[in-house]
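First to last, the sequence lines map onto chains Y and B.
Read in order, the letters of the first sequence are residues 963 to 1162 in my numbering.
Read in order, the letters of the second sequence are residues 963 to 1162 in my numbering.
Just so you know, the hints here were simulated from the structure itself, not pulled from any lab data.
Quick caveat, the model's predicted, so the values are computed rather than measured.
Honestly, I wouldn't trust all of these hints.
The list treats identical chains as interchangeable, and a pair is accepted whether it falls inside one copy or across any two copies.
Said to hold, decoys possible - Keeping only pairs whose Cα atoms sit at most 27 Å apart, straight-line, the calculated BS3-like set for lysine-lysine is:
#, residue 1, residue 2
1, 1022, 972
2, 972, 1029
3, 1016, 1088
4, 1021, 972
5, 1088, 1124
6, 1021, 1124
7, 1016, 1000
8, 986, 1029
9, 972, 986
10, 1129, 1088
11, 1022, 1000
12, 1043, 1022
Number of protein chains: 2
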Amino acid sequence: MSQIAAPLAKLIEQFERLPGIGRKTAQRLAFHVLSMPKGQAIGFANAIIEAREKIHRCKKCQNLTDKELCPICANPSRDTKVICVVESAQDVVALERTREYNGLYHVLEGVISPLDGIGPDQLTIKELMQRLSSGEVQELIMATNPTVEGEATASYISRLVKPMNIKVTRLAYGIPVGGNLEYADEVTLSRALEGRNEIK
Amino acid sequence: MSQIAAPLAKLIEQFERLPGIGRKTAQRLAFHVLSMPKGQAIGFANAIIEAREKIHRCKKCQNLTDKELCPICANPSRDTKVICVVESAQDVVALERTREYNGLYHVLEGVISPLDGIGPDQLTIKELMQRLSSGEVQELIMATNPTVEGEATASYISRLVKPMNIKVTRLAYGIPVGGNLEYADEVTLSRALEGRNEIK
Chain Y
963 MSQIAAPLAK LIEQFERLPG IGRKTAQRLA FHVLSMPKGQ AIGFANAIIE
1013 AREKIHRCKK CQNLTDKELC PICANPSRDT KVICVVESAQ DVVALERTRE
1063 YNGLYHVLEG VISPLDGIGP DQLTIKELMQ RLSSGEVQEL IMATNPTVEG
1113 EATASYISRL VKPMNIKVTR LAYGIPVGGN LEYADEVTLS RALEGRNEIK
Chain B
963 MSQIAAPLAK LIEQFERLPG IGRKTAQRLA FHVLSMPKGQ AIGFANAIIE
1013 AREKIHRCKK CQNLTDKELC PICANPSRDT KVICVVESAQ DVVALERTRE
1063 YNGLYHVLEG VISPLDGIGP DQLTIKELMQ RLSSGEVQEL IMATNPTVEG
1113 EATASYISRL VKPMNIKVTR LAYGIPVGGN LEYADEVTLS RALEGRNEIK
């Protein structure tokens, strides 16, 4: 490494810390940054600083935003009677891409995971309960990931919510569209059988 | 996209401009930067600015450096009688990783490519000729990539250098180590046959 100039080595190291970026990719990205016009490289650096400084949690749903409310909570045409509970702000982006959902969200900022020392108090469950206490919400869609922790978190929350007379639903499990029965794992297949619908 | 806060969208866009980074990866990286401790994110931004501002071309070999000479040219234990000609500073890093080469380098900053409007004048061939005129260099290793442009550039330079009574060599072509004959393309295989060595 002593053959690489220090500021370049430092930049490579920074890229290497990003998830899914290995040594070689980090090197390629760092060299690319050096080959950019100067203004463009500084624009990149500023975008990092600006995003890190301006972006914070939405007061209402804990989604990421640079305003007081996120663009979804601030949108008057969204259905305030439905809340979709997700693990992270990235899941909001994934669900919004479907253009099928018009309700609101609630970002938990994680899942209950005793092994990692994460209990319900570290998540935004308290904030969710407060939102539900207004009585406006009629349905809560649990959209945590289909992992052990995601399932446990969903059932923990649904137990809390049940007495409030709010309908709690869960995303459907099944074969991914475009997938192939042959390659589906047993658990997915049995869930797909369980959740089968009548063809009308 | 209007569902994503502007500074976040801008950061995603910046990541997306990097080579080999698609929409989804850019999104993952941007969310990761937001989840970093603030100091770490600012450290990342500063590394970009610092590298872009301090790194420039080595006066002698055109490699990247933050000093007047790059670490290789500045190293008194390197063999100044051999120069390895490469296309880019990244190739220097790749060759240095082998720990086999103890000579100097010369970075061309590209290859001759008439289709892209790049002629010999846009490369650092003039600087190379100047280095060779001192008479100290005994061997020039052409290590441009085995592409049409890389080959053409190598033979262009070797024609220029031949009259100077300097030995010009080329990296060996052949089957990659750990590779498989079955999967090697015909050109590589015929080059490997051509360049075969006697087993001693």
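The hints, checked one at a time:
Taking CA atoms no more than 27 Å apart as the test, residue 1022 paired with residue 972 passes between copies only; the shortest distance there is 23 Å, against 39 Å inside one copy. In this homomeric assembly, residue 972 and residue 1029 come within 27 Å of each other (Cα to Cα) only across copies, at 15 Å, whereas the closest approach inside a single copy is 33 Å. Taking the shortest Cα distances, residue 1016 and residue 1088 sit within 27 Å of each other inside one copy (25 Å), while across copies they are farther apart (49 Å). Proximity of residue 1021 to residue 972 under the C-alpha cut-off of 27 Å is restricted to the inter-copy arrangement: shortest distance 22 Å between copies versus 36 Å within a copy.
Proximity of residue 1088 to residue 1124 under the C-alpha cut-off of 27 Å is restricted to the intra-copy arrangement: shortest distance 15 Å within a copy versus 78 Å between copies. With identical chains, the CA atoms of residue 1021 and residue 1124 are at most 27 Å apart within one copy only, with a shortest distance of 25 Å there and 72 Å across copies. In this assembly of identical chains, residue 1016 and residue 1000 lie within 27 Å of each other by CA distance both inside one copy and across copies; the values are 24 Å within and 11 Å between. In the homo-oligomer, the alpha carbons of residue 986 and residue 1029 lie at most 27 Å apart only across protomers (24 Å), although the nearest pairing inside one protomer, at 38 Å, exceeds that limit.
Taking the closest pair of Cα atoms, residue 972 and residue 986 come within 27 Å of each other both inside a single copy (14 Å) and across two copies (25 Å). Proximity of residue 1129 to residue 1088 under the C-alpha cut-off of 27 Å is restricted to the intra-copy arrangement: shortest distance 19 Å within a copy versus 76 Å between copies. Within a single copy, residue 1022 and residue 1000 get their C-alpha atoms only as close as 40 Å, which misses the 27 Å cut-off; across copies the closest is 23 Å, which meets it. Taking the closest pair of Cα atoms, residue 1043 and residue 1022 come within 27 Å of each other only inside a single copy of the chain (14 Å); across copies the shortest separation is 69 Å, beyond that limit.
Hint compliance for this structure: no hint is broken.
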